[in-house]
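Trainee: Residue strings, one per chain:
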Amino acid sequence: MTQRVGVIRFPGTNCEFDTIDAVRALGGEAEILWHSDSSIKNVDAIVIPGGFAHGDYLRCGAIARFSPVMEAVSDFALAGGPVLGICNGFQVLTEAGLLPGALQKNAGMKFLCSMQQIEFVSTQNVVGKGSQVGDCLQIPINHFEGNYVCSPEILSRLETQEQIVFRYTDNPNGSIKDIAGICNEAGNVVGMMPHPERATSDLLGSNDGAALIQSFLSV
Amino acid sequence: MQFEAKIEVSPRDGIANPEGSTIERSLPALGFEMTRNVRVGKLIRFEVEAESADAARSLVEDMCNRFLTNPVIEDAAVEVLET
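Quick mapping for you: the protein sequence lines, in order, are chains Y and Z. Heads up: the first sequence is residues 1 to 219, going by this note's numbering. Heads up: the second sequence is residues 220 to 302, going by this note's numbering.
Here chain Y stands alone, though its shape is the one from the complex (with noise of 0.2 Å):
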């Protein structure tokens, strides 16, 4: 089945191209949808990519949360629909409540552009289907604000209820337990600060993103 995925444009959205091509070059069908637009038009999956949303101002995500398709992808979300959020896209849905824990500036205060190794924690969740737990990606980031953080009650709930999709296996910025992507309790709602779409060809340095990206076109 072709999906047709949605991808949200902020005010500061910056990678929605690339995320648009690489569903497209993977099969699906991919559309902008406007954050003021109170509708997500019928698309079976929603990306939240990367960028700066809103500014990034008071907080990274903080303003995003209030742009009116975020309640459509809020009510999308808790039927069961899958979401990817994308770096800034992770920030936004952790602000908005769809997922747990926030995102802060990097250990080492530093702007961090580079691919890094990430590993398959658990496979329950739109993006692991075909793939399994111990999986090393080359995926890259690009991020100011990726150091993961929850509370230890919330930390202890992602592990047993194998919440945690990715962790990195060189931590470059500080994130608690190694944590580069997490999943809700369903599974169908992804946050992650590596960068699948910009990992979809040889030519990009790696095409590991593909089989995520390929999973997420699936389920």
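Don't read these hints as lab results, they were simulated from the structure. Hints are supplied without guarantee of correctness; some may be wrong.
Far from chain Y by the CB rule (all over 12 Å, computed), these chain Z residues [to be verified]:
(1) 220
(2) 225
(3) 230
(4) 247
(5) 249
(6) 251
(7) 252
(8) 253
(9) 267
(10) 269
(11) 271
(12) 272
(13) 274
(14) 281
(15) 292
(16) 293
So the derived list for chain Z, only partly shown, Cβ under 7 Å to chain Y, looks like this [said to hold, decoys possible]:
(17) 241
(18) 295
(19) 297
For every residue, glycine included, the Cβ atom is placed at its ideal position computed from N, Cα and C.
We have chain Y already, so just place chain Z on it with the hints.
Mentor: Only chain Z this time, still in chain Y's reference frame:
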């Protein structure tokens, strides 16, 4: 009545504060070796209209919980002054 609200947003205890740590490591370079536990937050100020100081404080606390702070990583100290 018109009030001035001041909200001091600070990183919660136990949450690492990379900005504070960086400043703490830099101060000795200027000879300030006596500093400890540097924490960096932010100050938000605005005017607010309410019927009483209590009402203003309650409005501002609601804003903090729902928008101005992220309770996962931040604490807020609210001050409300009649202007």
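Trainee: The structure should be examined with respect to each hint, and the outcome stated for every one.
Mentor: To see whether the hints hold, each was checked on the structure:
Listed as a non-interface residue, residue 220 (chain Z) keeps its Cβ farther than 12 Å from every Cβ of chain Y; the least gap is roughly 27 Å. With a least CB separation of 16 Å from chain Y, residue 225 (chain Z) remains clear of the 12 Å interface cut-off, as annotated. Its closest Cβ contact with chain Y, about 8 Å, brings residue 230 (chain Z) to no more than 12 Å, contrary to its assignment away from the interface. Distance check for residue 247 (chain Z) against chain Y: the nearest CB is about 17 Å away, which clears 12 Å, and the non-interface claim stands.
Even its closest Cβ contact with chain Y, about 18 Å, leaves residue 249 (chain Z) beyond 12 Å, as expected for a residue assigned away from the interface. Interface exclusion of residue 251 (chain Z) from chain Y stands, the closest Cβ pair being 19 Å apart, more than 12 Å. With a least CB separation of 21 Å from chain Y, residue 252 (chain Z) remains clear of the 12 Å interface cut-off, as annotated. Every beta carbon of chain Y lies more than 12 Å from that of residue 253 (chain Z), the smallest distance being close to 23 Å; the non-interface claim holds.
The beta carbon of residue 267 (chain Z) is kept farther than 12 Å from every beta carbon of chain Y, the shortest such distance being approximately 17 Å. With a least CB separation of 22 Å from chain Y, residue 269 (chain Z) remains clear of the 12 Å interface cut-off, as annotated. Distance check for residue 271 (chain Z) against chain Y: the nearest CB is about 28 Å away, which clears 12 Å, and the non-interface claim stands. For residue 272 (chain Z), the condition that its CB be more than 12 Å from all CB atoms of chain Y holds, with the nearest at approximately 25 Å.
No beta-carbon of chain Y comes within 12 Å of the beta-carbon of residue 274 (chain Z); the shortest separation is about 24 Å. Listed as a non-interface residue, residue 281 (chain Z) keeps its Cβ farther than 12 Å from every Cβ of chain Y; the least gap is roughly 15 Å. The claim that residue 292 (chain Z) is not at the interface with chain Y is violated, since a C-beta of that chain comes within 12 Å of its own (minimum 5 Å). With a minimum CB-CB distance of about 8 Å to chain Y, residue 293 (chain Z) fails to clear the 12 Å threshold, and the non-interface call is violated.
Annotation: interface hint on residue 241 (chain Z) holds; nearest CB of chain Y at approximately 5 Å, less than 7 Å. About 13 Å separates the beta-carbon of residue 295 (chain Z) from the nearest beta-carbon of chain Y, more than 7 Å, and the hint is not met. Interface hint status for residue 297 (chain Z): violated, as the beta-carbon distance to the closest one in chain Y is roughly 16 Å, over 7 Å.
Going through the hint list in order, the structure does not satisfy hints 3, 15, 16, 18, 19.
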